[in-house]
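Work the whole structure out from these sequences, hints included.
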Amino acid sequence: MIRQIYFEFRKHFLKLPVCVAVILFLLLDAFQISSVYQEKSIFSMMPEWRAKYENLYPVYGGKITEKKIRNLMAYYRPLKAEGNLHPGREYEEALMLQKCFVAPLQYAYEYQQNAGQIAKRALENADFYQQMGNIYASRKNQKIAGMFSDRRISELRYTEMYQHYLQYDFSVFLVLLLVIYGLVNVFVLEKETEMELLLQTTIHGKRKSAAAKLLASIIFVTAISLLFWLADFLLFGCLFRSFDGGNCPIYAIEYFEASPLSMSLFFCALFAMGMKTVGTLVFGMTVLLLSRLCRNTLFPFVGSIFLIGSCLLAYNADLPSAFNPASLLVCRELFHWVDFIDLAGVPVLTWQFCLGTALLMLTIFSAVILYDRRPGPKGHAFHVQFT
Amino acid sequence: MKVEFQNVSKYYGRKCVLNQFTATLEHGVYGLLGPNGAGKTTLINIFIGILQKSSGRLLIDGQDVEKMGTEFLRHIGYLPQYPQFYKNFTVEDFMAYICVLKDIPKIAGRHRTEELLEMVNLTEHRRKKIGALSGGMRQRLGIAQAMLNSPDILILDEPTAGLDPQERIRFRNLISQFSENRIVLLATHIVPDVEFIANEVLLLKNGILLKQARPVELTQAIAGKVWELTLPDLQMTKQFDAMQISNMIHDADGVHLRMVCENCPGEEASPALPNLEDVFLYYCSGNKD
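Heads up: the sequence lines are chains G and D, in that order.
Counting in this note's numbering, the first sequence runs from 33 upward without gaps.
Counting in this note's numbering, the second sequence runs from 11 upward without gaps.
You may find that some hints are simply not true.
No more than 30 Å apart at the CA atoms, straight line, and that leaves these computed lysine-lysine pairs for DSSO-like [what the hints assert, rightly or not]:
1. G:K238 <-> D:K116
2. D:K12 <-> G:K238
3. D:K139 <-> G:K240
4. D:K215 <-> G:K223
5. G:K223 <-> D:K235
6. D:K97 <-> G:K223
7. D:K215 <-> G:K240
Because the hints were derived from the structure by calculation, they are not lab data.
Given below as structure tokens:
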């Protein structure tokens, strides 16, 4: 089976046009990440801040202590006062301190208290809804209370790279294009080259061949996805000149202050890679299914563009996205805030529901691809040439 | 090895494309001959198991093919009508891939590939991409892949279609070479292919088996029904339009006609020795069912 998968992989994906497309898209991706850095990084907009920041980071960064806060404020307040009176170097420095140390430190320092208040209020709500007989709302609030009860940010780290990496989507678009390009031909090629008939007359040319194609396609989609997500991660790290902050919890980034996740930023990045890969796989299997059902390349190609485009448009139009695999591709929204779906009275986090439905779709699509008997004895009635 | 078709029929809705086909095949080359739409490909597709028959039985050495399951596939080698194979594979890659599909162990497959590529004269092209092969080379590769599992039954569907005369002759010789100790079923509407190499001819028309016999028997059967005559000019040939003209040559002496008909077409006509093309014309055009 491994050799069969190898041959299927070679046949469909180890082709010059696919390799060229991957390289071109990686370059395009690098260009786009570079423009994200240019537009969004503090140090790109204020390059002169970097040296100062790098000097102060060992002093005020790392574990947050009362002493560090006192020292920072003792340094910052006079600078700010002076800067307000005589705008100039002091003002610039005070602004840098405000943006890079004071505001993040204040956010981190206050986060524990705010999270505690959310947990407390959620518990009160849970009791209230319990008394009112609204079991679902009560359970939901209990879960929120559990999530927020022990949250704290104990370190001040430079997390700009993670912040922008987790919000970066452009590579998803490129990967989807590659997936369509790579997979649209997988089953159609056999029909267009008349090889389907020959395959059907060999021992491993029927279901095993379909399974090998399916697995080779899964490997291709996963490899392409991971290549791009890892390239994104490395490029962001290199451009922002830091991989620091990986140990901090995801809510150390203000955008994710109400995140349903509590994992570290590094694991969150890995988790996001996984989520996006599952989303890409669902779309990949959709393309593969169309390739399985159609007899020429055009229809699955147009159909794939239409289906995937519709899912992305529906997602952007804020239509319900629990069943839309596009929500996994833009998983920052799922990580952004706590949201539940009522599943027979049980509150399920939206990201869990989306992941579950995506895995279910993957299973169903794979089963249809494997067990579709159209190319078998009955199906051939459609294209036998009567000679 | 013995293959028996017992009353095999195929219907598409009410349309019958194969009607009660009954034949027995043993070692040798069998030419499945018939005009377009006769049911040749349908019969082959039923035989190789990619099309379900509507009724009848198919036996190999007395065993029902349906009960043999995929084991049956070990006995057959198949070359489809217009295979293009995979353009980005080299000849060697393609053979290795077919070895995997046919469940041939790696080492044995490599030896067999070398042997077959040598036989079909493709050894020096083994590293060439299939996309760069000529039509004839591709057909030779096609027969080599069909032979990989050393099948007892070799099924070739229109294998010489689109080949130039030299390649066709080369291909015919290959088929003869491979026919030793096996059944070769060769579907074609190119009569000379069958005439030169077939031990027996199965003549199919409108889904019905008209004849199964050796080529010589078929030609003997229409002895006295093939005529030749020479006419001074082309205008005079019009009187024979209703007849089946198998050949017409125009030269300085006039127009030489060869025709197939039950009775002598004219006083000037002389009887000729029938060939398989005449047989084909006799049975397959008109209403000689």
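inquiry  = Hints numbered earlier in the text: which of these fail when held up against the supplied structure?
reply    = 5, 7
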